[in-house]
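For the record, the sequence lines run as chains H and R. Quick note on numbering: the first sequence equals residues 1 to 274 in the numbering used here. Quick note on numbering: the second sequence equals residues 1001 to 1257 in the numbering used here.
The hints are simulated quantities; they were obtained by calculation from the structure and are not laboratory data. Since we're looking at a predicted model, the values are computed, not measured. Do not take every clue at face value.
With a cut-off of at most 30 Å between alpha-carbon atoms, the simulated DSSO-like pairs for lysine-lysine come out as follows [stated by the list, open to error]:
hint : chain 1 : residue 1 : chain 2 : residue 2
1    : H       : Lys157    : H       : Lys144
2    : H       : Lys42     : R       : Lys1057
3    : R       : Lys1057   : H       : Lys79
4    : H       : Lys97     : R       : Lys1057
5    : H       : Lys94     : R       : Lys1057
6    : H       : Lys188    : H       : Lys218
7    : H       : Lys92     : R       : Lys1016
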Amino acid sequence: MVLELGMSDTSMERTGGNPAGLQPIVRVADVHKSFGQVQILKGVSLDVARGEVVVLVGRSGSGKTTLVRCINRLELIDKGRIYVDGELIGYKEKAGKLIPESEAAVARHRRHIGMVFQRFNLFPHLTALENVMVGPVRVLHRPKSEVQQEAQALLAKVGLGEKVHNYPSQLSGGQQQRVAIARALAMKPSVMLFDEPTSALDPETVDEVLDVMRNLAKGGMTMIVVTHEMRFARDVSDRIVMMEAGAIVEAGTPEAFFGNSRSERSKAFLSALQ
Amino acid sequence: MIHIGGISFDLDFFLKYLFNPPEMIWHGILMTIAIAIIAQVAGVVLGFGVAIARLSKFAMLRGLAGLYSWAWRGTPVLVQLLIVYTGVAAAGVYRYPEIALGPLLISGPLQAALITLSLNEAAYMGEIFRGAIQTIDRGQIDAARAIGMRPSTAMRWVILPQAMRTVIPPLGNEFTLMIKGTSLLSVIGVRELFGSVQNINSATFKTFELFLIAAIWYLAMTTVLSIVQRFVEARLRRHELPAAATVKPNRSLLSAR
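Turn these sequences into a full structure, and let the hints steer you where they fit.
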C-alpha cells in the first residue's frame, strides 16, 4: 500500500500529516525497508511538526521500532526519503541520484536527534554523570567544566541529582532510563526518539520514566514515542499513529483514537492490549 | 660444596650468585625486561590493528589478517626466530647491521628478536582483541552512534574501554609467556637473562646452580607481574561492584583481628 504525502485534512487520517500544516521537523516520505527477504516498512509517510508529540502504536512486528531507527539512520532505508530539520538523512543527493552518506556525515546528523532505547544502553564503564557528559565532550569537543555543570543540572532535572557518581550497575532500571534520557538531552537535540522506553522496566519504575517524558513534552520537545503505555498516549500525545504490517493504518488525535467514535481497528488493538 | 653420592651442588656459589648477582646477570635481567616490554607493547598495538582488520567490512582485509594470524600462531617461535634472523640474513634480504640509537647500540640479533616477538605477539593479541570487541553488546554501538559518535570515537570512548576489561586477563598471561619466551633468544646470541647465564656457565661449569638461578629470577619476574595484574583487574572492575561493596573490602582490611 502506497500512502500519499498529503497535507490536506482529508488525507491526514491516513498519512499522519500534521494538522497545523507547519514546516515539519521530521518528514518521512514513502519509506521502504527490508531485512533480507522480509519487508518491514512498506511505504511509510509521516510528518512531525516542531513541538509535537507523536505516539506510534501497533502490534509487535508492525515496524514501529524499525521506523524510529531509520529516522536517525541506525538503519539505512531502501527507498523513500527522511528529512530531519530539513536535511536529508542517510543519503546525499548528487545529480538526482541518492548516494549513501559517509559514517562521518551520518554522525553529524545524529547529534541533533536524541534517542532512548528499550534496554537503556548506558555505557557501563562510565558513571551517570560521565554517561551524560561523554557526548558533548567527545563529540562536540566542548570544555569539560562547562559540560559538567549542564550534565549535573540535567540529572537533577530527571530526579537523579543524588546519583551522579553511580555506575549504571548501581542504578535501578527506571533510574538508568532516566540517565539515558539525560544523556540524549545533553546533545540539545531538536527531536527525541523513544523506542519502547518503558518496556524493559519493572512496573513500579515505569511512572518515574513517564513523568520525565511528560515534563519533556510540556517543555515543548518534539517527540516520537513507540510505546504500549496507552495512558501516556492518551494524556500526553498530540497524535497517535497506528502501524500494521509495515504501514500506517490510522492517525489521529487521542480523542479520536480513544473516544467513542474510534474505528474498529483501534478497538481491536486496544482490546488486545488488555 | 655439597656432595651426596655422585651429586654435587656448590651451595656457596649458588647463594652468592643468587643474592649477589654479577653485573652480567643484572644486565641479562634488564635486557629480558626491556625486550619483553617493548615486544609486548608493539604486539598490543599491532594486534589491535590485526583485530580491526579482522572485523573490517572489507573481505580482502579480513582475509589478509586471518592469514597472518593463522601463520604466526601455527608455527613455533623458535623457527620464526631463526627464519627472521638467520634465514633472512642468509637470503641476503637484510643482514642486520648494528643500529646506533643515541648512546644505545642495537645489535643484529636484538633487532631480529624484537621483530619476531612483536609480530608473533600481534597475532595472539589480534585474536584477544577481536574476541573482546565482539562480546560488546550491539546496543552499546547503537547508543554511541545515537549521540553522534563516529566509528573511531565510539571505538575509543565506548568499545575499547569495555573491551579492555576482557583483554587484561589474557594480556597478563601473554606477558608472562613473553617474559619466559625471551629465553629462546639465547640461541641467536641475545644476552638476555638466560643467554648471560649460559655465558657464565661456559666459564664456570656450575650448570645446575646457574640454571636454577635463572629459573628463580624468571619466577620472581612472573610473580611480580601477576601481582600487578591483580591490581589492574580490580581497578578495571570498579564499576561492576554494587554500591555497598565498594566500602566493605576496606573495612575488613582495616579491622584489627
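Hints, one by one, checked against the model:
| no. | hint | result |
| --- | --- | --- |
| 1 | Lys157/H x Lys144/H | holds (20 Å) |
| 2 | Lys42/H x Lys1057/R | holds (28 Å) |
| 3 | Lys1057/R x Lys79/H | holds (23 Å) |
| 4 | Lys97/H x Lys1057/R | holds (24 Å) |
| 5 | Lys94/H x Lys1057/R | holds (25 Å) |
| 6 | Lys188/H x Lys218/H | holds (16 Å) |
| 7 | Lys92/H x Lys1016/R | violated (76 Å) |
In the structure shown, a violation is registered for the earlier hint numbered 7 alone.
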